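With the hints as a guide, bring the two chains together.
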Amino acid sequence: MAKFEPVLLKNLGVEGSRTLKVYRSRGGYAAAEKVIKEMTPDTVIESVKASGLRGRGGAGFPAGMKWSFLPPERKVTYFCINADESEPGTYCNRVLMENDPHQLLEGILIAGFATKTTVAYIYMRVEFHEQFHIMQTALDEAYKAGLFGKKIFGTDLSMECYIHRGAGAYVCGEETGLIESLEGKRGWPRIKPPFPAIEGVFQKPTVVNNVETLCCLPHIFERGVDWFKSIGTENSTGPKLYTISGPVKRPSCFEAPLGITCRDLIFGDDFGQGMLDGRKVKGCIPGGLSVGVLTEAELDCKLDFDDVRNYGLLGLGTAGAIVIPDDADIRQVLANIARFYSSESCGQCTQCREGTNWMYKIALRIALGAGRISDLDLIENITNNMGMMPGLSICGLPDGAAFPIRTIVQKFRGEFEDHIRRQDPGYTKTVLKRLNPAVYELPVLGRRPESLVGQPE
Amino acid sequence: MAKIIVDGREIECRERIPVLYAALEAGWDIPHYCYHPGLDVVASCRLCLMEMKMPHPKTKEMDWSPKLLPSCQTPVKDGMEVRFNSDRVRDNRRDCMEYYLLNHPLDCPVCDQAGECWLQDYSRKFGEATSQMVEAKNVNPKKDVGSKTLLYQDRCVMCSRCVRFCDEIAGTGELGIVNRGSKSEIDVFPGVPLENELQGNVVDICPVGALLDKDFLMDQRVWFLKSSDSVCPGCSTGCAIHVDHNRDQVWRLKPRFNPGVNDWWMCDEGRFGWKYIHDERRLDRLVVRRGAEIEYPDWSALDEIARIRFGTVVKDDGEEKVAGVLSPFMACEEAWLLARFIREIAPKATLVMGPVPTEGEDKLFPQNNGDSAKFTIRSEKCPNRRGIEMILKNAGGPSVSFEDFVKKAGQSEFAAAWVVGGYPGEWVTKEFASSLAKVKMVFAQDLFSSPLTEAAEVVIPSCSWAERSGCFVNHEGKIQPFEAAIAPLEGCQRDGNYLFALSGESGLYNASRVRAMMAEVMPEFGKLHVPPSLPKHAH
Ligand SMILES: Cc1cc2nc3c(=O)[nH]c(=O)nc-3n(C[C@H](O)[C@H](O)[C@H](O)COP(=O)(O)O)c2cc1C
Ligand code: SF4
Ligand code: SF4
Ligand code: FES
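Listed in order, the protein sequences are those of chains E and Z.
69 is the number that our numbering gives to position 69 of the first sequence; each next residue is one higher, with no gaps.
In our numbering, each residue carries its 1-based index in the second sequence increased by 457.
So here's chain Z without its partners, still in its complex pose (with noise of 0.2 Å):
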């Protein structure tokens, strides 16, 4: 750790970051748009500059330094002194953020970047009202660059961010920029769009309005919208992300940073592959069959139903016939609670975990640069295997695999399973459902309808995770938290509330409550993995 001081008062600080870093960290909002910590320096938007105390070339005492400097290019150094509170540090500051303004269209009011908008932003807290500009502006065109984004070249501040991400982060450097001075414009190669797969990202680190999400566009202002902080349920990865919503609308999803696991990063199919939360089809109230008869109870009968359905197999076919399948898209709590309340009725019962989707291999990202990795999508599609495996292994007893499962159901060894779908999408293979038709009763929690739940004698409907609470465990053990972001949707109930209901326990579900009980038995659960949240412009 190294001591420094800032405008008179001292912090402290890692050794070696830039002067501007650890500024942001320790709460100072000093303005600047060509520093990400996640990609190179080029100290080119010289908004952060600042004044460094150094010795006087000639007299030798320490004096401020005749020249501003970047403080995204300095390092830290124990016993440095610097300020950014002198005339000159803001003289260049609201002459930048004036130069900003020239030739920018002044759309706020269009922009979908309006209200998140660094430009906004610094130009309120450290510009001026007026413009001494009376000339006509440059204009500069819109593009189409990308399959998923959209650039406004006349709200670019050339901060280079994005050309940066392509190079360095994605490797594949589809962005460029082309012209010189004030013609400067970011473009892409003719015929070769910007078409990697963590696009999405550029958006995301485009301090303004420039590069646009053709998902996200003209459908919120951003200040209606509220922020849950969750987890990408797309891969084993486990990206930690913000679900932005309104209403208990799902707008967008946006990386929240977390060191080691996605820095600030996500990729363009988890962060697009939330539509599913709001499909017409999802399944929503509670069935109940018997034989050709169908009910729709209310939630309050879910207790006792299950509970006298699987009281009577246990009796009349014995405890070894009840099975219940986990989902690698449960949250752990849930699927403690399930396995706790199987267990229960049945401590014989066999428990299985659900088919673990892949697809092709793990894509590591910068592109063809062999294991200096900076971001890898992962080709096991669920959040939460590991999560499962570790409740199964806790529970003990009878454990089988998918197949196994799927197999013995075949040659009718069971007769009561609680099976827990909750994947996006189609998931019941011809196999698994012929071999369930010999399981005389199946209750199916799942969001869609499938042979699955045709077949299953009381159907409850699932929620997305968005609706839920609980934590994953990454591909790396990281136990990581998520918030519920939306109320279920109608019909629904959270899936932990009538499994903590199911379960014995009185009140409402509450992960962390749910987790503490875990802790007690699996320690694991008491130490989660939340990254750190930063201040405002701090990345």
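Bound-form chain E, shown alone (with noise of 0.2 Å):
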């Protein structure tokens, strides 16, 4: 395979690259210059559509077929570029905006023209201290460049752009909590429909796009279509940013075409380059905690947004790897997992909330060695009653909680059962006796029976 050009990093560690002058000397706004100029919003929208072009936020939605669900007639459009990157094990959004922040304000002006943007936000986790002040360096500059504001490029567009902080919650990277919190609301994921293309921020026609999904613009413009399209696989096109941590030799961010094995990512000499201190592989949560885990023998699996369905994962996420090493305690790594989704839940829907928090104090038990079998089954019961794809919730939060968390009781199970088994049993009892005299040991009765649901009577 010939050596991969990078194209979202290109600028990694040239010398000033945050600067205006040295990302317009190696050829940056051309590519914005040119879409103002020469092209209209939709035949912007058909080349991003043609690209393949998929968000990097998680989902993977085509970005071009987001853009084309805005209504026609509008007066505002608002943009919200979604830097809150709070997924655990997840950075690329965070170098791209380090080392190249104008790169991501030229997709930014591809984007608004495409969608007739009129105020763009760019909204970021309150945690970026120094990438906020990086990126407000670059706005500035490219407002006095003439490059947001008013007559960009010379042309009758206008858009204005903003950095907005966040508060530092999870739930706000959702896009509608992302769109509640930029109200200056809290952070809780709004109901479906309206989506945010038809009412979103202050009520007016929104989109949310991904960092990295808005610095694969310039590229496709610059290079072309077809050139995006012969990178990666056929429903995965154009390069990502992998990043990858945990003990491997070289935990860092890199960039690849999509479509790279698990494999690769940990033990290529381009990527992660093997394991620390001759540890072995447990497993790979490989693409930002909530798509789920795969094992060792799962390694093979291709990073792009269809291969790892077929491994029983959420998706493709955020291709932000972390490696297990064998030398973890199974039983530490779901109660660290399971604490943080109990504490971002927002709290809104029954099931989130009280699922979340449910399972983590079941998993801190059986990490303090006081588990029983039957917890296991209880986790991946809850795990199986939240979420959204089931329809039992607002937002994807428990979708996410509940891949990682399934995926690791299930693929672990015997790992985690010898645990359990090696307890003492009766540390165990006196442990649950203390948590709950009452319940603990009484026999579960039956259900009710039908005649008491909710018909008329």
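Derived from the structure by calculation, the hints contain no laboratory data.
On a predicted model such as this, the values are computed, not experimentally measured, just so you know.
Glycine is no exception: its CB is placed at the ideal position from the N, C-alpha and C atoms.
Below, simulated DSS-like cross-link-like pairs (lysine-lysine); rule was C-alpha separation at most 30 Å, straight line:
1. Z:640 x E:185
2. E:185 x Z:524
3. Z:640 x E:433
4. Z:460 x Z:524
5. E:229 x E:37
6. E:34 x E:21
7. Z:517 x E:192
8. Z:640 x E:429
9. Z:460 x E:192
10. Z:524 x E:411
11. E:49 x E:204
12. Z:515 x E:49
13. E:185 x Z:600
14. E:185 x Z:820
15. Z:594 x E:429
16. Z:594 x E:433
17. E:282 x E:411
18. Z:599 x E:185
19. E:192 x Z:831
20. Z:524 x E:302
21. Z:831 x E:204
22. Z:515 x E:229
23. E:204 x Z:524
24. Z:895 x Z:864
25. E:185 x Z:605
26. E:192 x E:75
27. E:204 x Z:534
28. E:192 x E:49
29. E:10 x E:49
30. E:185 x Z:831
31. E:192 x Z:534
32. E:49 x Z:524
33. Z:671 x Z:732
Taking CB as the label site, the calculated pair distances span:
34. E:157 x Z:517: 39 to 45 Å
35. E:202 x Z:836: 34 to 40 Å
36. Z:523 x E:424: 41 to 47 Å
37. Z:474 x E:229: 45 to 51 Å
38. E:410 x Z:462: 35 to 41 Å
39. E:424 x Z:604: 51 to 57 Å
40. E:19 x Z:648: 44 to 50 Å
Below, the structure is given as structure tokens:
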């Protein structure tokens, strides 16, 4: 395989890559200028559709299609750039903003032109302190150069861009949670419909896209749709940033065509370069925590939008891999994952609010050495009874909780059972009795008769 | 109207209302917490989920939806088919009910809501008898959130109804949610307690025992309460209410659904303004004075006393020297009977409406929201000014304003007057008292003793509205009936009873019978405004 020439990261390590001067000297803003001066919004949307660009924020929704949902008659359009990047194990957006802020701004210009955006908001998680200043400096520079504001590139196009900083909540990365938070409200995801394309920020048509999705745009228009489609696989076109963390030799952010395998990512010379200190891989969570886990045997899974589903995963996610080494206690891993979702559920929907917290309590007890085999079934049951996919919740957070927790419990069930069998039974009993003396060991009675269920009486 | 199929049965309902509401109205008991027809839809409790028939994305054949859908958020469309009786729907409800109780303290024995709690109702009906949870429960605080309201956070199901009420109806937004996930709590900002004048409603709409009314705290087990349909006498809005009582003691008032008048709400002034009913200072016996002599005759003697004494005045001083002051706290029926009696004895008698108390301006809610008022507390602090006006108009003959009456009485233009009070507070001004001193004979029908009753020859202890029945006409002319909730105070008689006898009718007073008689001369009274009664859990 020919060595892949970085696209999104081409300015990584270039001296002064954050400045407008250096960015322009390397061909920056030429694509935006060409698009704005020579194309119409509709042809831009068609090109993006043709390029097969899919959202990099997690759901993989085709970007061009999303834009075409906007109502044709509209006076204002808001564009939200999702820079909330809080998926555990993911830091692609951070790398992009840190090293090449103008690339994102150029992407915003192109997307904004295509969607007739009046105001663009970059919604950044609050923990991005340094990145905020980098982006703000770049934005100021761009404004001074006439790239934002009125009469962009001397044309009639005008567009404002602001950076908004969140308050540190995972759920504010969910697009409608983001919109609420941007409006200054509690970051509670909204019920859909109406979808943001119809009623988003301030009840106006709105598009939400991930940072990396937008960063792809200048390249599509610089080098052409066909070039973009030649990278990656049929349904997953283009380059993608992969990040890897855990005890690998080179934990970092890499760029590759969509479709490399998880094994490549961990062991490839261009990527993770294998495990540290002779450890082995126990498993790998390949796409940000929410997608679920792959076992050692499943590492040949291709990291694109399709193959992951063959392994029981939620999706590609953000392609932020977390490697679990063989010396990690799987019970701790589970408890840590469950803790994240329990504290990040926004608390609107019953199943998500209560279910995530319950699973955390169970996982913690198992990790402390007082688990029961039946707890594993119980956890699995809870994961099956939550989420947007069965229609039980407003947003996708509980799906994101269900997949890693369920796949870990299923795929590592033997290991859990071994741990539980090795526990001191006296200790388990004491803990359980202390927690809840009444319920412990009571038989579970049968279900209620059906006659009692909600028919008119 | 739209036709939809629910669980295989066709029902007819209004277009565009939520499927949930259509099913509730049609008699289904669909569990729900976050939905309230008076508030925005948030679809967050996920209890009301249903299945709907929709075209399959590939084959286009109609089939049950792959996902469950919130029925509160799905508007009715003609021809749609939904179901609540599938296993998936049932399983979800069962799981939800288990979730709700995970961190609930299960302190039903000491909870005021017990007996009318939607957590109890739904757990029993849709839940399981046991919980699979063995972990320690989250512990949530109890908080004093406002002057009239307590919050037991540990019982809260996070439906956010209370928050939406404060935002959307009161417009004051005191309540909010703090923290995330299972640590979420309802709370107020430090130093900004729940102080809006509609706060009692958050207790009503809280489906569980989380928000509690301090006034009712630990007072009664609700299953001992009986509920009577009534109308609030606090202002001319005329909110439909329930008077909840036990053993002839009123314990609380609750709003009753009355679309277009008070919808689901009532104000705190009305809600807590009933205490005078059980005031120890209430007049409780018929008093007749003859010079310095005081007698306490039996009620049966009232008829004769009134006829003889008024007859004497008419004979001695002339018909036009008689006056009757009708109070805007009287029911229309009572006022009509009294007017009829006075006019019968003295056809040229002057009829007067007593003072109409007012206070400030109408208060519109949500506050600071221009003309889109969702609730109004009116400045006119009596229930029946319009009704009395109707009676006076119908009675014809001489009638003067209360001010003129006071003036004329002061100039000794009247020799006899029947004055009705019934105001919850002090209402007899010095001026009024001194001009009454110039009236030879006064019959005072009132709740409390005042210069009026001190000077009156005959004092008739009156009853509060909760002990009476009849109808009030509200500010926009809606004629709303109310029933007697409790027995009259010992020693008192229902005002209607003696007025009925006085006006020459035999048998017991019955408001609807009197209304039928009134309707012959005032057809308006043939048609009452009676709000629809809703099935349980339908609001
Ligand atoms: C709980 C939750 C958290 C999310 N967090 C992020 C995030 O941090 N960054 C992001 O870009 N997308 C996030 N998403 C996905 C967004 O909802 C949305 O799909 C995405 O921003 C769309 O952009 P794209 O089409 O460019 O991928 C999250 C989704 C969920 C359900
Ligand atoms: S699913 Fe969870 S995170 Fe999403 S809106 Fe509901 S409670 Fe909030
Ligand atoms: S306090 Fe009551 S009304 Fe408010 S959110 Fe909790 S359960 Fe709902
Ligand atoms: S989700 Fe429909 S009533 Fe709460």
